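Number of protein chains: 2
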Amino acid sequence: MSGNKPGVSRDSVGVFAPATVANVASGFDVLGFALERPGDTVCLKKIRAKRVDVVAVEGDGGQLPRDPEKNTASVAAKRFLEAVGFPFGLEVTVRKQMPMSSGLGSSAASSVAAVYGANILAGSPFSVRQLLPFTMEAEQVACGAAHADNVAPSLLGGFVLIRSYDPLDVVQLPVPAGLAVATVHPHTEIKTEDARRILKKELRLSDAVRQWGNLAALVAALFQGDLGLLSRSLQDVVAEPRRGLLIPGFARVKQAALDGGALGCSISGSGPSVFSICASMEKAREVGSAMQKAFTDTGLDSDVYLSRINESGPVILGEER
Amino acid sequence: MSGNKPGVSRDSVGVFAPATVANVASGFDVLGFALERPGDTVCLKKIRAKRVDVVAVEGDGGQLPRDPEKNTASVAAKRFLEAVGFPFGLEVTVRKQMPMSSGLGSSAASSVAAVYGANILAGSPFSVRQLLPFTMEAEQVACGAAHADNVAPSLLGGFVLIRSYDPLDVVQLPVPAGLAVATVHPHTEIKTEDARRILKKELRLSDAVRQWGNLAALVAALFQGDLGLLSRSLQDVVAEPRRGLLIPGFARVKQAALDGGALGCSISGSGPSVFSICASMEKAREVGSAMQKAFTDTGLDSDVYLSRINESGPVILGEER
Numbered sequence: 349m350s351g352n353k354p355g356v357s358r359d360s361v362g363v364f365a366p367a368t369v370a371n372v373a374s375g376f377d378v379l380g381f382a383l384e385r386p387g388d389t390v391c392l393k394k395i396r397a398k399r400v401d402v403v404a405v406e407g408d409g410g411q412l413p414r415d416p417e418k419n420t421a422s423v424a425a426k427r428f429l430e431a432v433g434f435p436f437g438l439e440v441t442v443r444k445q446m447p448m449s450s451g452l453g454s455s456a457a458s459s460v461a462a463v464y465g466a467n468i469l470a471g472s473p474f475s476v477r478q479l480l481p482f483t484m485e486a487e488q489v490a491c492g493a494a495h496a497d498n499v500a501p502s503l504l505g506g507f508v509l510i511r512s513y514d515p516l517d518v519v520q521l522p523v524p525a526g527l528a529v530a531t532v533h534p535h536t537e538i539k540t541e542d543a544r545r546i547l548k549k550e551l552r553l554s555d556a557v558r559q560w561g562n563l564a565a566l567v568a569a570l571f572q573g574d575l576g577l578l579s580r581s582l583q584d585v586v587a588e589p590r591r592g593l594l595i596p597g598f599a600r601v602k603q604a605a606l607d608g609g610a611l612g613c614s615i616s617g618s619g620p621s622v623f624s625i626c627a628s629m630e631k632a633r634e635v636g637s638a639m640q641k642a643f644t645d646t647g648l649d650s651d652v653y654l655s656r657i658n659e660s661g662p663v664i665l666g667e668e669r
Numbered sequence: 349m350s351g352n353k354p355g356v357s358r359d360s361v362g363v364f365a366p367a368t369v370a371n372v373a374s375g376f377d378v379l380g381f382a383l384e385r386p387g388d389t390v391c392l393k394k395i396r397a398k399r400v401d402v403v404a405v406e407g408d409g410g411q412l413p414r415d416p417e418k419n420t421a422s423v424a425a426k427r428f429l430e431a432v433g434f435p436f437g438l439e440v441t442v443r444k445q446m447p448m449s450s451g452l453g454s455s456a457a458s459s460v461a462a463v464y465g466a467n468i469l470a471g472s473p474f475s476v477r478q479l480l481p482f483t484m485e486a487e488q489v490a491c492g493a494a495h496a497d498n499v500a501p502s503l504l505g506g507f508v509l510i511r512s513y514d515p516l517d518v519v520q521l522p523v524p525a526g527l528a529v530a531t532v533h534p535h536t537e538i539k540t541e542d543a544r545r546i547l548k549k550e551l552r553l554s555d556a557v558r559q560w561g562n563l564a565a566l567v568a569a570l571f572q573g574d575l576g577l578l579s580r581s582l583q584d585v586v587a588e589p590r591r592g593l594l595i596p597g598f599a600r601v602k603q604a605a606l607d608g609g610a611l612g613c614s615i616s617g618s619g620p621s622v623f624s625i626c627a628s629m630e631k632a633r634e635v636g637s638a639m640q641k642a643f644t645d646t647g648l649d650s651d652v653y654l655s656r657i658n659e660s661g662p663v664i665l666g667e668e669r
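Protein chains in written order, with the working numbering: chain A, 349 to 669; chain B, 349 to 669.
Next comes chain A alone, as it looks inside the complex (with noise of 0.2 angstroms):
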């Protein structure tokens, strides 16, 4: 591969992006942070045509589509190229390496991999954080709706708050040290459609504070480490009561976590993905054991995942701290 230094112009790139958790328990749909793993490779090659051509997706079983108007990484890719004058083209290669349709963004990590290496291509004429509109237009292509709790924290790293969507206002939170992060997979699927329909689209005044409570409260913990604060904080009342009945087994699955140490624990997005937060990478690594044995307890095989919160975003591959 030529043009791999720095400094010296490309023409082509590897790049690796985070999974992601969204919600976060009292966070619905504004926080998401990022896992170190899993995530997916996208694989970009400048071409002289101005165009974008999905040229394979390797790891999906065949179930991505190849057209790039509805592939989420040549979607994002070509947003950008859209944005500078499309100086040329992409051929686009996905490497799958995390479950689909898993509650832990994985169109999101498509979508991030594809225009952070579209823009190390070009140059790097935006900044990082001015890339998150072309992810969630490929969002809006994956999930028709342009959500950013899945991309912003892939895109960045950490832990990132959505605002507000009109005007965009994404801040980041700080990251305590220490924080270990068990989510385990169950092998179900929960069509987002279906976990939209289950919630209620009125909810009670008083639920309503007790989760903004939570939340407000979820912030200050990052912010000042509170480990304690952060566990009590961790709670959703508002979308996990409704989504939990569709993840056979997750009451139990949540008890393993909380008595084997897990700080808090809820659904990954809009699941079957359940993660836990835990103080460090052992206790993670317990309460990972406890959950996927209460998932093969109610018949569900699973697949588990340990990580730090990811703090860097994406990755040029080759150039992997």
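Check the hints yourself; a few may be wrong.
Claimed, not checked - Result set (PhoX-like, lysine-lysine): computed pairs, CA atoms no more than 20 angstroms apart in a straight line:
id : chain 1 : residue 1 : chain 2 : residue 2
1  : A       : Lys418    : A       : Lys548
2  : B       : Lys444    : B       : Lys393
3  : B       : Lys418    : B       : Lys549
4  : A       : Lys549    : B       : Lys548
5  : B       : Lys539    : B       : Lys549
6  : B       : Lys641    : B       : Lys631
7  : B       : Lys444    : A       : Lys548
8  : B       : Lys549    : A       : Lys549
9  : A       : Lys548    : B       : Lys641
10 : A       : Lys539    : A       : Lys549
11 : A       : Lys398    : A       : Lys418
12 : A       : Lys418    : A       : Lys444
If you're looking for bench data, these hints aren't it; they were derived computationally from the structure. Note that the coordinates shown come from a computational prediction; the quantities given were computed from them, not determined experimentally.
Position chain B against the provided structure of chain A, taking the given hints into account.
For chain B alone, kept in the frame of chain A given last:
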């Protein structure tokens, strides 16, 4: 007055406790902050008899109850004395130095001053934070609900978040340097029950998401000292659109505040007072005048209070910093 030197047992004490702004736009029912002025003064004198008497209430126009089971100052002091075994009784004098039914936490200021003083007279067996439940019992008597969003900031100073009532979980938040507040009390009255009744018991999920996105960002802004973010997050889509209807001229008062350069403007507590947070005392002075003029244009007289955020909470008279 004897026994007023530190370390020497006192037999009397006078305490000033500050007025407070509850709700703070996006923090409905969970957030409040303390002002430097106005506030209330309560003077306590030890007696041998194990009872609490209200010997005088000044400045209330005869409106406040003298019955020690109904006056918030005596209720708070009595609950405290009961908790420490009633080592002495108290004569309580309340000096109202702030408007009642103004939305500025008048009953809270009296109960905080009383219990803070009683603790001093008892040799400070409790930490300041431990006094909070006694003041909440007084709020229960005064308002019919044991709210903490006025008593907690009056007692602890600064911005205070109430994460949860059961169990009680209170979080102190940092105060960005330089902030100043213009609070305007128009001479009109809103019954707390009307202010409660006008709120919808249910709200749309989309509105709730906006509210908690703003509140989470407000907390982040306080930690980061980011006044731009603070300004953008001082928005209330839940209570203000309804309660604003109860305050004559509210829309033009708020517009005058924002046109004058306030970072944000909303209703203090359940009203009718309106507060503006500003980046400097000079700006607060301008904004306070503009708000008062807008009330005048609506035909309402008003009082303006200019204040820093009070980070100290109650002070013993004669020992003010």
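These are the hints, each one checked on the structure:
1. Lys418/A / Lys548/A: Violated. Lysine 418/A to lysine 548/A sits at ~30 angstroms, over the 20 angstroms cutoff.
2. Lys444/B / Lys393/B: 18 angstroms, holds
3. Lys418/B / Lys549/B: 29 angstroms, violated
4. Lys549/A / Lys548/B: 14 angstroms, holds
5. Lys539/B / Lys549/B: With Cα atoms ~18 angstroms apart, lysine 539/B and lysine 549/B stay inside 20 angstroms; holds.
6. Lys641/B / Lys631/B: Holds. Lysine 641/B to lysine 631/B sits at ~15 angstroms (cutoff 20 angstroms).
7. Lys444/B / Lys548/A: Given that 20 angstroms is the threshold and the Cα spacing comes to 46 angstroms, the pair is violated.
8. Lys549/B / Lys549/A: With a Cα-Cα distance of about 14 angstroms, the restraint between lysine 549/B and lysine 549/A holds, given a limit of 20 angstroms.
9. Lys548/A / Lys641/B: Given that 20 angstroms is the threshold and the Cα spacing comes to 44 angstroms, the pair is violated.
10. Lys539/A / Lys549/A: 18 angstroms, holds
11. Lys398/A / Lys418/A: At roughly 18 angstroms apart (the allowed maximum being 20 angstroms), lysine 418/A and lysine 398/A satisfy the hint.
12. Lys418/A / Lys444/A: 16 angstroms, holds
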